[in-house]
Amino acid sequence: MTLKIEQLSKSFGEKKALDDLSMTVEPGQVMGLIGQNGAGKTTCFRMILDFIKADSGRISFQGKPIDQKAKQGIGFLPEERGLYQKLTVEEQLLYFAELHGMKRQDARSQLKDWFDRLQVVGKLTDKVQSLSKGNAQKVQFIATLLHEPDFLILDEPFTGLDPVNTQLLREEIKRASKRGAVIVFSNHNMSDVELLSDQLTMLKAGKTVLQGELQAIRDSYGKTRVYLESELADEALLAISGVESLAKQGPGRLAILSDESAGQEIFKQVTAKGYVQAFMQSAPTLDEIFRMEATQEHQEVKR
1 MTLKIEQLSK
11 SFGEKKALDD
21 LSMTVEPGQV
31 MGLIGQNGAG
41 KTTCFRMILD
51 FIKADSGRIS
61 FQGKPIDQKA
71 KQGIGFLPEE
81 RGLYQKLTVE
91 EQLLYFAELH
101 GMKRQDARSQ
111 LKDWFDRLQV
121 VGKLTDKVQS
131 LSKGNAQKVQ
141 FIATLLHEPD
151 FLILDEPFTG
161 LDPVNTQLLR
171 EEIKRASKRG
181 AVIVFSNHNM
191 SDVELLSDQL
201 TMLKAGKTVL
211 QGELQAIRDS
221 YGKTRVYLES
231 ELADEALLAI
241 SGVESLAKQG
251 PGRLAILSDE
261 SAGQEIFKQV
271 TAKGYVQAFM
281 QSAPTLDEIF
291 RMEATQEHQE
301 VKR
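Mapping the sequence shown onto our numbering, position 24 (from 1) lands on 24, and the numbers just tick up by one.
Hints were generated in silico from the structure; no laboratory data involved.
These numbers come from a predicted model, not from an experiment.
Among the hints, erroneous ones may be present.
Listed below are the simulated DSS-like cross-link pairs for lysine-lysine, each with C-alpha atoms no more than 27 Å apart in a straight line [what the hints assert, rightly or not]:
#  : residue 1 : residue 2
1  : K223      : K273
2  : K86       : K112
3  : K4        : K15
4  : K53       : K273
5  : K86       : K133
6  : K4        : K174
7  : K223      : K268
8  : K71       : K178
9  : K4        : K178
10 : K16       : K4
11 : K248      : K273
Pair ranges (Cβ atoms, derived) [said to hold, decoys possible]:
#  : residue 1 : residue 2 : range
12 : K248      : G212      : 26 to 36 Å
13 : K103      : T295      : 21 to 31 Å
14 : D259      : G63       : 44 to 54 Å
15 : A247      : Q110      : 39 to 49 Å
C-beta atoms are modelled at their ideal positions from N, C-alpha and C, and glycine is treated no differently.
Sequences and hints are given; from them, build the entire structure.
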């Protein structure tokens with residue numbers, strides 16, 4: 001059930017929306033597709049679903065082009081939400097389930113369990129228009145996963161949700177991954193991407209600028225973060241060559257380095273002061289990498 005995208009390109013007039021995108025997502029993998037607004041993420045999703053045609057390239061799932069039958073097995077959560085406001089929640093969910101080839105009675109038998117797992121506030125007989133933004137988001141999420149799709153496309157799935165409800169949806173995405181679904185999702189919160197993704201693709205102005213296994217990408221930047229709890233003065237830390245910035249974090253401080261070798265000098269100086277409560281050197285977070293990549297020019301893809 002592998003998703004394979006090969007050299008996919010799309011232009012709108014003179015604007016290159018997507019430029020030679022290739023990616024492979026295996027069963028059970030979660031691919032985080034990230035980039036600033038207008039980078040090409042939604043264009044990619046629309047071409048996978050054949051809402052718009054690619055100028056060039058190939059998309060296949062299970063070794064074949066995605067035809068109408070294959071689309072029934074896809075769960076798609078668009079960034080622009082689309083629920084029928086006058087229907088009841090039950091009518092809405094059963095309608096979408098039937099569109100995906102699910103028997104009405106089978107879908108109905110699962111609704112209470114989904115409501116309980118996602119802690120939806122309200123009843124199945126409530127009109128969609130009466131739902132809060134968060135509960136409407138949960139209902140659309142249920143509609144996306146109710147038919148147990150082999151392939152999930154999730155465009156900003158956590159919009160409008162607080163951290164508790166975001167965690168509920170994250171658990172369902174992990175559950176889908178464990179049963180072998182192919183998952184591609186985009187999100188502007190890099191912490192969510194980091195928590196869920198095995199693989200990562202970053203787009204910038206339609207071009208791929210980062211791609212590969214998430215931890216390998218982080219490691220490729222070196223261990224440029226140092227968290228420490230020490231009596232060494234801020235001025236002394238900032239005077240060390242390679243220390244770019246220093247900020248308070250919890251009971252300690254976080255130093256950002258331009259060169260991971262600066263960590264050795266920091267360790268030397270803080271231990272010279274005696275007891276050190278905490279010292280940890282690590283790779284940058286995905287949020288830090290995103291900011292770095294979004295603000296610089298690229299000549300080639302970093303893998």
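Results of checking the hints against the structure:
no.: 1; hint: K223 x K273; verdict: holds (23 Å)
no.: 2; hint: K86 x K112; verdict: holds (21 Å)
no.: 3; hint: K4 x K15; verdict: holds (25 Å)
no.: 4; hint: K53 x K273; verdict: violated (64 Å)
no.: 5; hint: K86 x K133; verdict: holds (15 Å)
no.: 6; hint: K4 x K174; verdict: holds (21 Å)
no.: 7; hint: K223 x K268; verdict: holds (16 Å)
no.: 8; hint: K71 x K178; verdict: holds (21 Å)
no.: 9; hint: K4 x K178; verdict: holds (20 Å)
no.: 10; hint: K16 x K4; verdict: holds (21 Å)
no.: 11; hint: K248 x K273; verdict: holds (19 Å)
no.: 12; hint: K248 x G212: 26 to 36 Å; verdict: holds (33 Å)
no.: 13; hint: K103 x T295: 21 to 31 Å; verdict: violated (51 Å)
no.: 14; hint: D259 x G63: 44 to 54 Å; verdict: holds (46 Å)
no.: 15; hint: A247 x Q110: 39 to 49 Å; verdict: holds (47 Å)
Violation of the numbered hints given earlier is confined to hints 4, 13; the remaining hints are satisfied by the structure.
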